[in-house]
Amino acid sequence: MNLVTPDFGLLFWMVVIFGIVFFLLAKFGFPIITDSVDKRSAKIAQSLKDADEIQVRMQAWTQEHARMLEEVRREQSAILREATETKARIVADAKAQAKAEADRILSEAKLQIEAEKESALRDVRREVALLSVQVAEKVLRHELQDEGSQRAFIDQLVDEASEAPLRS
Amino acid sequence: MILLSLILAFLLLQAPVMPGHDAMEAGQETIDVSEIIFEHIGDEYEWHITEWKGKPVAIPLPVIARSSSGWHVFSSARLSHGAHYEGLYIDPESGKLTDETTGKRPLDLSITKNVLALMFSTLLLLVVVLLTARWYKEHDSLEEAPTGLAAAMEPLVMMVHDMARENIGEADYRKYSPYLCMAFLWILFNNFLGILPFFPGGANLTGNIAITLVLALCTFFTVNLTGTRHYYKDIFAPDVPGFLKPIMPVIEVFSALMKPVSLTIRLFANMLAGHIMILSMVCIIFIMAKYGPLLGGSMTVVSVLFGVFLDALECLVAFIQAYVFTMLSSIYIGLARSHGE
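Chains A and S, in that order, give the protein sequences.
Here this note's numbering runs 18 ahead of the position in the first sequence, where the first position is 1.
Here this note's numbering runs 691 ahead of the position in the second sequence, where the first position is 1.
Just to be clear, a hint being listed does not mean it is correct.
With a Cα cut of at most 35 Å, we get these calculated DSBU-like pairs of lysine-lysine [stated by the list, open to error]: (1) A/Lys67 <-> S/Lys866; (2) S/Lys787 <-> S/Lys746; (3) S/Lys828 <-> A/Lys45; (4) A/Lys61 <-> S/Lys866; (5) A/Lys45 <-> S/Lys924; (6) S/Lys828 <-> A/Lys67; (7) A/Lys57 <-> S/Lys866; (8) A/Lys57 <-> S/Lys828; (9) S/Lys746 <-> A/Lys45.
The hints are simulated quantities; they were obtained by calculation from the structure and are not laboratory data.
Please put together the full structure from these sequences, using the hints given.
Set out below in structure tokens:
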């Protein structure tokens, strides 16, 4: 029966020693350990959450980046196309303008040439008229030296003059 | 398996040439197995370590007692071999200190073998846990992984801490976690020190009913002194049909009282049984020695193999019992902290 009867001395010492050590450890032992580890666990959990968040954000960034790249590429090709078009338009415009200018210069030149020709012809005609008047003067002076020939000539002129309205 | 049978065969061959006189000597003495076992699992006024050249090597421990003639403090060496001193002697039948005049036990607060083992193991626990706590104080646990002692103790402490959180609830488990850690580590330390066959281990502390009773009462008072109103309502005025109303409180009170009893007996019986089994295995060697070298030698092999097996089993039991005690304690506390659904 010794085994199942609690011995008072041992009971007493157990209560005292267990009590003292429990008090010491509950104050200076276990809380320090558990608090530190709890803090670390919290930190690890937070870090994992942060890492997840960062990954999600990274994914979003990658997508955004790809999207922007695509956009830039599209814009680039649009700009290039536009530039080509502009170039063609400018060249065409320039050609048209040049042609118009050339036409204008040509027509002006033609007009001038025409005017020059006209004035030249006028000069020639005046010259020819003067010359023919002088020739006629000389011929008349030569032929109308006697009376008879003067009369005959006047008659002729009168005839001609009278016939002229009918002709014209 | 081949290796095992080889060793067996080798030992059997060796057996006949073993020095015979040891066996003869052992054969002449009658071996009182129960005395050997009960000496090992019981308490003593001196710490008997070994025999050296036929003389016992023992540490005498202080006897502290209050008999009918007042307080007495002296070395237990004065009481050896049934000697009387200051009106006190050790009753050879019970092995306990007895008063000459009254023939009864005095108030006995002696530092016995168990008390010394208790002091040693508890001091060891104190030092180990304080050193671990110091590591956390001196290091930034957010930046460094624990090393050495801290790395060894952290999983044990955190296992109990997490168990407390699971069973008691997020609200107030922190208040109870130190007690549960203390109970778990204390039982674990003492279970393992009890398995250790040499000084300063070998005392059968957790297989002593006084010790387990104190532990169970700690849990009992923790449960019942910090119980919520809901817990007490469930005991004294539970929501049950009318005809059960007078019966339920009786059952509930009985159940509350049986909880520490079951805690006490479970730990006590498990550890005691383990010690007795291992000691029995060792005793087989000495019992069989007198039946001749062959039988003695072969049984030695068997009992050593069984002893190894039982020791391994006891290591398992040492952990499991510490764990079970702590888990049940935390569940009881958790029940007492319920705030109703």
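Against the structure, the hints:
Distance check on the hinted pair: A/Lys67 and S/Lys866 sit about 29 Å apart at the alpha-carbon level, within 35 Å; holds. Distance check on the hinted pair: S/Lys787 and S/Lys746 sit about 23 Å apart at the alpha-carbon level, within 35 Å; holds. Between the alpha carbons of S/Lys828 and A/Lys45 the distance comes to roughly 14 Å, so the proposed pair stays at or under 35 Å and holds. Proposed proximity of A/Lys61 and S/Lys866 is supported: the alpha carbons are some 22 Å apart, at most 35 Å.
At roughly 33 Å between alpha-carbon atoms, A/Lys45 and S/Lys924 fall within 35 Å of each other, so this suggested pair holds. Distance check on the hinted pair: S/Lys828 and A/Lys67 sit about 27 Å apart at the alpha-carbon level, within 35 Å; holds. The suggested pairing of A/Lys57 with S/Lys866 holds, with an alpha-carbon distance near 17 Å, which does not exceed 35 Å. Our distance criterion of 35 Å between C-alpha atoms is met by A/Lys57 and S/Lys828, whose separation comes to about 13 Å.
Restraint check: the Cα-Cα separation between S/Lys746 and A/Lys45 comes to about 46 Å, which exceeds 35 Å; the hinted pair is violated.
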